[in-house]
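**Student:** Here the protein sequences line up with chains Z, W, X and C, keeping their order. Per the UniProt record's numbering, the first sequence starts with residue 1, numbered consecutively. Per the UniProt record's numbering, the second sequence starts with residue 1, numbered consecutively. Per the UniProt record's numbering, the third sequence starts with residue 1, numbered consecutively. Per the UniProt record's numbering, the fourth sequence starts with residue 1, numbered consecutively.
Keep in mind that the hints were calculated from the coordinates and are not lab data. Everything numeric in this text was worked out from a predicted model, so none of it was measured. Hints should not be assumed to be uniformly reliable.
When chains are identical, the list treats them as one kind, so a pair holds in a single copy or across two.
[Stated by the list, open to error] Dumping the calculated BS3-like pairs for lysine-lysine here, alpha-carbon to alpha-carbon at most 25 Å:
hint, residue 1, residue 2
1, K155, K80
2, K100, K246
3, K29, K138
4, K136, K246
5, K100, K68
6, K155, K108
7, K68, K108
8, K136, K100
9, K79, K203
10, K246, K68
11, K79, K29
12, K108, K203
13, K100, K4
14, K138, K80
15, K100, K79
16, K138, K79
17, K246, K155
In case you want the letters, here they are:
4 protein chains.
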Amino acid sequence: MAPKALAVIAGVGPGTKEQGASIARRFAKEYSVVVLSRNPENFDPVVQEINSSGGQAIGISTDVADAKSVNSAFDEIAKKFPDSPLAATIFNSGGGFARKPFLELTEKEFSLGFEAQAKGAFYIAQRALPLFLEAKEKLTHPPTLIFTGATASVKGSANFAAFATGKFALRALAQSLAREFGPQGIHVSHAIIDGVIDIPRTKAWVFEHEDAKLSPDAIADSYWHLHTQPRTTFAFELDLRPYIEKW
Amino acid sequence: MAPKALAVIAGVGPGTKEQGASIARRFAKEYSVVVLSRNPENFDPVVQEINSSGGQAIGISTDVADAKSVNSAFDEIAKKFPDSPLAATIFNSGGGFARKPFLELTEKEFSLGFEAQAKGAFYIAQRALPLFLEAKEKLTHPPTLIFTGATASVKGSANFAAFATGKFALRALAQSLAREFGPQGIHVSHAIIDGVIDIPRTKAWVFEHEDAKLSPDAIADSYWHLHTQPRTTFAFELDLRPYIEKW
Amino acid sequence: MAPKALAVIAGVGPGTKEQGASIARRFAKEYSVVVLSRNPENFDPVVQEINSSGGQAIGISTDVADAKSVNSAFDEIAKKFPDSPLAATIFNSGGGFARKPFLELTEKEFSLGFEAQAKGAFYIAQRALPLFLEAKEKLTHPPTLIFTGATASVKGSANFAAFATGKFALRALAQSLAREFGPQGIHVSHAIIDGVIDIPRTKAWVFEHEDAKLSPDAIADSYWHLHTQPRTTFAFELDLRPYIEKW
Amino acid sequence: MAPKALAVIAGVGPGTKEQGASIARRFAKEYSVVVLSRNPENFDPVVQEINSSGGQAIGISTDVADAKSVNSAFDEIAKKFPDSPLAATIFNSGGGFARKPFLELTEKEFSLGFEAQAKGAFYIAQRALPLFLEAKEKLTHPPTLIFTGATASVKGSANFAAFATGKFALRALAQSLAREFGPQGIHVSHAIIDGVIDIPRTKAWVFEHEDAKLSPDAIADSYWHLHTQPRTTFAFELDLRPYIEKW
Numbered sequence: 001m002a003p004k005a006l007a008v009i010a011g012v013g014p015g016t017k018e019q020g021a022s023i024a025r026r027f028a029k030e031y032s033v034v035v036l037s038r039n040p041e042n043f044d045p046v047v048q049e050i051n052s053s054g055g056q057a058i059g060i061s062t063d064v065a066d067a068k069s070v071n072s073a074f075d076e077i078a079k080k081f082p083d084s085p086l087a088a089t090i091f092n093s094g095g096g097f098a099r100k101p102f103l104e105l106t107e108k109e110f111s112l113g114f115e116a117q118a119k120g121a122f123y124i125a126q127r128a129l130p131l132f133l134e135a136k137e138k139l140t141h142p143p144t145l146i147f148t149g150a151t152a153s154v155k156g157s158a159n160f161a162a163f164a165t166g167k168f169a170l171r172a173l174a175q176s177l178a179r180e181f182g183p184q185g186i187h188v189s190h191a192i193i194d195g196v197i198d199i200p201r202t203k204a205w206v207f208e209h210e211d212a213k214l215s216p217d218a219i220a221d222s223y224w225h226l227h228t229q230p231r232t233t234f235a236f237e238l239d240l241r242p243y244i245e246k247w
Numbered sequence: 001m002a003p004k005a006l007a008v009i010a011g012v013g014p015g016t017k018e019q020g021a022s023i024a025r026r027f028a029k030e031y032s033v034v035v036l037s038r039n040p041e042n043f044d045p046v047v048q049e050i051n052s053s054g055g056q057a058i059g060i061s062t063d064v065a066d067a068k069s070v071n072s073a074f075d076e077i078a079k080k081f082p083d084s085p086l087a088a089t090i091f092n093s094g095g096g097f098a099r100k101p102f103l104e105l106t107e108k109e110f111s112l113g114f115e116a117q118a119k120g121a122f123y124i125a126q127r128a129l130p131l132f133l134e135a136k137e138k139l140t141h142p143p144t145l146i147f148t149g150a151t152a153s154v155k156g157s158a159n160f161a162a163f164a165t166g167k168f169a170l171r172a173l174a175q176s177l178a179r180e181f182g183p184q185g186i187h188v189s190h191a192i193i194d195g196v197i198d199i200p201r202t203k204a205w206v207f208e209h210e211d212a213k214l215s216p217d218a219i220a221d222s223y224w225h226l227h228t229q230p231r232t233t234f235a236f237e238l239d240l241r242p243y244i245e246k247w
Numbered sequence: 001m002a003p004k005a006l007a008v009i010a011g012v013g014p015g016t017k018e019q020g021a022s023i024a025r026r027f028a029k030e031y032s033v034v035v036l037s038r039n040p041e042n043f044d045p046v047v048q049e050i051n052s053s054g055g056q057a058i059g060i061s062t063d064v065a066d067a068k069s070v071n072s073a074f075d076e077i078a079k080k081f082p083d084s085p086l087a088a089t090i091f092n093s094g095g096g097f098a099r100k101p102f103l104e105l106t107e108k109e110f111s112l113g114f115e116a117q118a119k120g121a122f123y124i125a126q127r128a129l130p131l132f133l134e135a136k137e138k139l140t141h142p143p144t145l146i147f148t149g150a151t152a153s154v155k156g157s158a159n160f161a162a163f164a165t166g167k168f169a170l171r172a173l174a175q176s177l178a179r180e181f182g183p184q185g186i187h188v189s190h191a192i193i194d195g196v197i198d199i200p201r202t203k204a205w206v207f208e209h210e211d212a213k214l215s216p217d218a219i220a221d222s223y224w225h226l227h228t229q230p231r232t233t234f235a236f237e238l239d240l241r242p243y244i245e246k247w
Numbered sequence: 001m002a003p004k005a006l007a008v009i010a011g012v013g014p015g016t017k018e019q020g021a022s023i024a025r026r027f028a029k030e031y032s033v034v035v036l037s038r039n040p041e042n043f044d045p046v047v048q049e050i051n052s053s054g055g056q057a058i059g060i061s062t063d064v065a066d067a068k069s070v071n072s073a074f075d076e077i078a079k080k081f082p083d084s085p086l087a088a089t090i091f092n093s094g095g096g097f098a099r100k101p102f103l104e105l106t107e108k109e110f111s112l113g114f115e116a117q118a119k120g121a122f123y124i125a126q127r128a129l130p131l132f133l134e135a136k137e138k139l140t141h142p143p144t145l146i147f148t149g150a151t152a153s154v155k156g157s158a159n160f161a162a163f164a165t166g167k168f169a170l171r172a173l174a175q176s177l178a179r180e181f182g183p184q185g186i187h188v189s190h191a192i193i194d195g196v197i198d199i200p201r202t203k204a205w206v207f208e209h210e211d212a213k214l215s216p217d218a219i220a221d222s223y224w225h226l227h228t229q230p231r232t233t234f235a236f237e238l239d240l241r242p243y244i245e246k247w
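Here chain Z stands alone, though its shape is the one from the complex:
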């Protein structure tokens, strides 16, 4: 029996672990799943859950904003899954967020937006894309690289200089990769998550309507849908928001 294909979910941090877990769960229905996070406590629960319900998952402690760390993670993936083609990689980092008046922003805080978003995505993409090119003939669906964006990907709001520069840069990277690798049969997408995701961390943010927050599972379903599109019909960008959101 041919080994299952692989999905790598990267950038699963304190604020994005539930979203990452939903994506991992969704892709684990068809693929072996690797979850990358600096802190194992961000991936341990979902990895256990997937393995105990008949799927296959591992977590690797990884700092996506660090080249060495990303490279050693992909080396480990190659060792653990030597015959599994890479089918999907999701870059889901929430790092680099800072909301501050511009003149109070330190150089380090400002750069962190770029480091955690665009540079992390750069490291991940440089490792994933060659694997995609190698794998593409062996897969059911075109290999897919999805970047998670935010409102700040298309709007530089006051006090968001750090995060918006990172998210704009990430979107530029996504566009550039879509235009370079699309014609090679790789599906590159960018999702604009425009609203608050319904996770434990946002419990305290109460809205007038109880279902005013994005569902991590529904986001994961949309990512899976993107992945299943044939190469004749690739979506590059979609914007997801709660029905009640002002935009």
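Following the hints, position chains W, X and C against chain Z.
**Tutor:** Relative to the frame of chain Z, chains W, X and C by itself:
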């Protein structure tokens, strides 16, 4: 047994009938389907196909750019399906296309872009939205109104003044309805079809790559995906194009 | 002495007459000016003011949303200024504004957005562009066609279906003309006026800051600046808003 | 007599020195001008020219991508012009350009886009903005911070991952600053230079039309126009391109 919910596919013309047929086929897996087209030869084949394979479909001769015609179509729908909640309406018109130097464009040709696109969509939306508001508690998925856009929805190219004004106007309408009816639980979406669709009419357009055209079935799958999104996680806009497309 | 070149300011209605007057005043410093408005009371004051301060101006009663009326206005201009090359035309209509829940919008109200904006601009452009092509060698600055947009040109807000479809359509037309006639040396521009203009009609709208409204004279200065750009360096679009505006 | 106000032109490198020189010349008609460049040969000619024709200019060797260097430049400016209010700062860097297949891009090349564009702009803005806030009551025109963008500011093309991430990030920063400091009376603008600028370095790029390149002087005139806008009527963004450019 409760009657099946309904989907209405409007704007199925000579250039869009295969796309409309794919959408009708996809939604017919779950719903009774009504296809609106001026000329019955644009809907007869798909209506027969759906009915003979266990689904339920009717066609109604309708000019979507004519208020009376649209109103009489919806009156007929109400008579034929008195107990079926309206679950989805797709506005898929390709009308109003004209590619001409601006100074050769007649007033009539120029206006046709708006008439066939924005005004047709206006008539359809004014009838569909009240039905959605009425139906929304009875449906599995939030009622969904999808508008089909094109490259000309976001770019006014030289010689495309008529079609681009129509498609820009249609997108404005879609945005306005999404912002007004989203908070009422209605899902309004706009799809930018950026490329050539693979249908008999475009057979002669040969590209270097054989799969360089959009698949009508894959577009239909994306429309169905939009329809199944919960209201916590609505996509407003997605852009669909062949992997090989320059953009 | 060669006759002065001409500027035509079209679409000067009850809500836009002061803005139109500012533009007329600015262009009258260099050109003979023609102001088009349905109602002479919208142009009489500025025409008198310009003539009595050493400039040259006429007004012509014109309904820009009516082909015959626009054509007879341009015929009259040709008679009155047989030797004056056309240097600039500003389309500044505020017509078609309606703010209403979508389901209360009549077909007529909905269409008025398109009629007053895109179709008016179509009539004006079809008459102005041939004159520009004829005049371009005789002018100091490239002949210039400027369309006045609004927030609704790029955002379809709830309850703005009629006005936004008109303004989106106008922007599509502007883009299409810029791409077709730019290479022929005609400067086509679109200005997004994003905020309230400081005119008598908006006196009652009081903001926290007293200078929270756009200055009609400053808008006119920007239009004049666009007009003076050489063809090596055309701006297509600029967005103008008060410093205090949320966007 | 009150000392003349100051304009600082930053980011004048090998590929942008003529553009920087045009801006310096234009602002020197009203202000004392400071030109920042790593290499004095990029500013010496224009500084001499301005001083010998009655204006006042100095150059300071500065690496805009280095915090210390930017800080020492602004310290020197404060010493040389202790009583001159800062009226305008132009960030005009062309650094970080790399056109390469993504998989050949080194981490350093990729980061350079961000370093030279967004981070350079961050350093400059952090020094200029407090001076603007201090100076604003003493100036004829609102203090103005202009960022020079490019096609890559709004489009991530294939092989442009490094430059586009830098330019997107710069635009995010510009938007964020405009929204934060606009309400404080500071004019922040972003100009999208969409085409080839006519400078010695691009002499070899021959087009069908001889005036197919942007004029550095005309760009400078548009920057000056932005600077003279009153705060009631700020333009945030304008796109400049040759009449013959495809877009």
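**Student:** Next, verify each hint and record whether it holds.
**Tutor:** Going down the list of hints, with the structure as the test:
| no. | hint | verdict |
| --- | --- | --- |
| 1 | K155 to K80 | neither (41 Å within a copy, 38 Å between copies) |
| 2 | K100 to K246 | both (23 Å within a copy, 18 Å between copies) |
| 3 | K29 to K138 | within (18 Å within a copy, 30 Å between copies) |
| 4 | K136 to K246 | between (40 Å within a copy, 21 Å between copies) |
| 5 | K100 to K68 | between (31 Å within a copy, 23 Å between copies) |
| 6 | K155 to K108 | within (22 Å within a copy, 27 Å between copies) |
| 7 | K68 to K108 | both (20 Å within a copy, 14 Å between copies) |
| 8 | K136 to K100 | between (44 Å within a copy, 23 Å between copies) |
| 9 | K79 to K203 | neither (40 Å within a copy, 47 Å between copies) |
| 10 | K246 to K68 | neither (41 Å within a copy, 35 Å between copies) |
| 11 | K79 to K29 | within (22 Å within a copy, 44 Å between copies) |
| 12 | K108 to K203 | neither (30 Å within a copy, 40 Å between copies) |
| 13 | K100 to K4 | neither (45 Å within a copy, 34 Å between copies) |
| 14 | K138 to K80 | within (19 Å within a copy, 49 Å between copies) |
| 15 | K100 to K79 | neither (43 Å within a copy, 30 Å between copies) |
| 16 | K138 to K79 | within (19 Å within a copy, 52 Å between copies) |
| 17 | K246 to K155 | both (14 Å within a copy, 12 Å between copies) |
In this structure, the earlier hints numbered 1, 9, 10, 12, 13, 15 are contradicted, and the remaining ones agree with it.
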